[in-house]
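Trainee: Protein chains in written order, with my numbering: chain G, 4 to 160; chain Z, 41 to 464.
Heads up, some of the hints might be wrong.
Unchecked claim - 35 Å max Cα-Cα, derived DSBU-like pairs, lysine-lysine:
#	chain 1	residue 1	chain 2	residue 2
1	G	25	G	40
2	Z	88	Z	267
3	Z	225	G	40
4	G	40	G	105
5	Z	319	Z	348
6	G	19	Z	319
7	G	105	Z	267
8	Z	88	Z	273
9	G	25	Z	225
10	Z	348	Z	444
11	Z	88	G	19
12	Z	407	Z	319
13	G	105	Z	225
14	Z	232	G	19
15	Z	232	G	25
16	Z	225	G	19
17	Z	225	Z	273
18	G	81	Z	225
19	Z	273	Z	444
20	G	40	G	19
21	Z	77	G	19
Hint data in this document are derived by calculation from the structure and do not stem from the laboratory.
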Amino acid sequence: MLSAESLARIDREIAKYPADQKQSAIMAALRIAQEEKGWLAEETIRFVAEYLGMPPIAAYEVATFYNMYNTRPVGRYKLTVCTNLPCQLTQRHDIGAYLQQKLGIGWGETTEDGRFTLVEGECMGSCDGAPLLLVNNHRMLTQLTPEAVDKLLSELE
Amino acid sequence: MSEKVIFTTRELPEPAALATYERVGGYQALRQILAEKIPPEAIIAEIKTSALRGRGGAGFPTGLKWSFIPRHLPGPKYIVCNSDEGEPGTFKDRDILRYNPHSVIEGMIIAGYTLGAQTGYNYIHGEIFELYEAFERALEEARAAGYLGRNILGSGFNFDIHAHHGYGAYICGEETALLESIEGKKGQPRFKPPFPASFGLYGRPTVINNTETFACIPYIVRNGGLKFLELGKPNNGGTKIFSVSGKVNRPGNYEIPLGTPFAELLEMAGGMREGYRLKAVIPGGSSTPVLPAEVMMQCTMDYDSIAKAGSMLGAGSVILIDHTVCMVRALERLAYFYFEESCGQCTPCREGTGWLYRVIHRIEHGKGRPEDLDLLESVSRNIGGRTICGLGDAAATPVQSFLKHFRHEFEHHIEHGRCLDGCH
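For reference, chain G alone in the conformation it holds in the complex (with noise of 0.2 Å):
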């Protein structure tokens, strides 16, 4: 179900906690799962859940809770900018309208093609590098402009 590198990943993540703790590695877990499938299916959940001997339901609260999970398919690339107020009081460019004519999809829709999917996301912790984003959850991008962001689109293929 998951493959021998990301299970010794989550291993990893066990040995962090008290040994009766394993549910404690439940968000890096679902995590590692997620960088390997692209998203969080059912079957998915229900795997890792039983590998940290938890049951499938607290496992699928924690995937639906936390909202950097994908419960659902995205792109190859989910691109999620902030669009909270301090973020747009700060920005130079309104990189998140730019990104929708361009890509001509809205907040939480995929391009055709299955490239991008384009998120709105909330505070990131970052507001002095607006406009922002991240690719795929880990990879943040700050201080864009419209030059960048068409950069950084005929980048990812």
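Using the hints provided, position chain Z relative to the given structure of chain G.
Mentor: Then chain Z, alone, in the frame of chain G:
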């Protein structure tokens, strides 16, 4: 330039490296404590003298918080660092982790020694994932140097720290939601009491402090509480990092003594960009009351001055609102945030945040009704104080303060279906 407590390495090459931190006196406090076997009570006394107050927003005296931990209770105790920074306008912990992660690590180790704990967790906001990975590398460095792990520096004291990441939930910045999250559950706050000091992580005594709070500890131990206190002003000891956002020339983090005039901070941030005048300031993050610019210009940046002006220093997240901003639209976005981030546990917050958002949304979109402002007051009053955690109050506060100071903009919107300044 004034003395720095935390950004001591920011201007140096490889600021985050352990060797850089050691060059500016890093890990000296820990070495001294272990070599001289300084009694825990003496460390807590120094922290009390320093008047260090929690930097995450609540401003609770750190020395007092530490003194609540039953140090001699057998069994595990935990030190937890709250780096789950997601309050709109706040981005200081990101730069502490980026430029000086070892100050946080040393602060947590000293807490472990003082409170008799052997394990610490740093809960890091999921959106700054690269810094979560960097923090894990910093922990490795500290382990390799003998500052973490078993028998630290040959003292017989054991302490280790692990990094835990969030994954997109503002509520986990609330301390008990954060503990639930480390336990592998959805982040719904616990009813208090019991407080984490007696029933925290895995039901064990736990101290939770903000990243910046831990980062101040080594300085206090090294230089004495009095020295730290004197950097600031009475009851407001030390320096504080202020995150400045909005239409200034240099948005960013500024570490300055508590008690510095707001006007000076604004100047450090390069002043307002050309063509923009300051209209209002949210001084401590989106959940603190907005203040008109003229009130703010009379304030100094410390807990007491901002409280006297009718707001809160919060996490020191200074959101500058310029004259082009429609206050209805600004509040609509904040109201949406609290609606989106309410964990759903308490009815007044779960239902009330959505209700607030929908009413503000219709005012913003020209469909406001004359009775809407009273309705907003009423809904916000019925959330505040009626929920398990502070998110309900955090959602209510902006609504009340925006209406208090900028009521005319809302009235104009309702009457004319558009902005006072004609922005749409």
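Trainee: Now tell me if each hint is right for this structure.
Mentor: We went through each hint and held it up to the structure:
Using a Cα cut-off of 35 Å, the hinted pair residue 25 (chain G) and residue 40 (chain G) holds, with the two alpha carbons roughly 22 Å apart. With a CA separation close to 12 Å, the supplied pair residue 88 (chain Z) and residue 267 (chain Z) stays within the 35 Å bound. Of the pairs offered as hints, the one joining residue 225 (chain Z) and residue 40 (chain G) holds, with about 22 Å between alpha carbons and a cut-off of 35 Å not exceeded. Of the supplied pair hints, the one linking residue 40 (chain G) and residue 105 (chain G) holds, its CA atoms being roughly 27 Å apart against a limit of 35 Å.
At roughly 20 Å between alpha-carbon atoms, residue 319 (chain Z) and residue 348 (chain Z) fall within 35 Å of each other, so this suggested pair holds. For the proposed pair residue 19 (chain G) and residue 319 (chain Z), the alpha carbon gap of about 48 Å is over 35 Å, so the pair is violated. Between residue 105 (chain G) and residue 267 (chain Z) the alpha-carbon distance is near 55 Å, which puts this suggested pair outside the 35 Å criterion. With a C-alpha separation of about 14 Å, the suggested pairing of residue 88 (chain Z) with residue 273 (chain Z) holds against the 35 Å cut-off.
Restraint check for residue 25 (chain G) and residue 225 (chain Z): the C-alpha separation of about 12 Å stays at or below 35 Å, so the hint holds. Of the supplied pair hints, the one linking residue 348 (chain Z) and residue 444 (chain Z) holds, its CA atoms being roughly 16 Å apart against a limit of 35 Å. Under the criterion of a C-alpha separation no larger than 35 Å, the hint pairing residue 88 (chain Z) with residue 19 (chain G) is consistent with the structure, at around 32 Å. At most 35 Å may separate the alpha-carbon atoms for a hinted pair to count; residue 407 (chain Z) and residue 319 (chain Z) meet this at roughly 26 Å.
The straight-line distance between the Cα atoms of residue 105 (chain G) and residue 225 (chain Z) is roughly 39 Å, outside the 35 Å bound, and the hint therefore fails. For the proposed pair residue 232 (chain Z) and residue 19 (chain G), the alpha carbon gap of about 27 Å is at most 35 Å, so the pair holds. With a C-alpha separation of about 26 Å, the suggested pair residue 232 (chain Z) and residue 25 (chain G) falls inside the 35 Å cut-off, and the hint holds. Restraint check for residue 225 (chain Z) and residue 19 (chain G): satisfied, since their Cα atoms lie roughly 16 Å apart, inside the 35 Å limit.
The hinted pair formed by residue 225 (chain Z) and residue 273 (chain Z) fails the criterion: a straight-line CA distance of about 41 Å is larger than 35 Å. Pair hint residue 81 (chain G) plus residue 225 (chain Z) holds up; C-alpha atoms about 25 Å apart against a cutoff of 35 Å. For a cut-off of 35 Å, the pair hint linking residue 273 (chain Z) to residue 444 (chain Z) stands: about 30 Å separates their Cα positions. About 24 Å separates the Cα atoms of residue 40 (chain G) and residue 19 (chain G), which keeps this hinted pair within 35 Å; it holds.
With a CA separation close to 28 Å, the supplied pair residue 77 (chain Z) and residue 19 (chain G) stays within the 35 Å bound.
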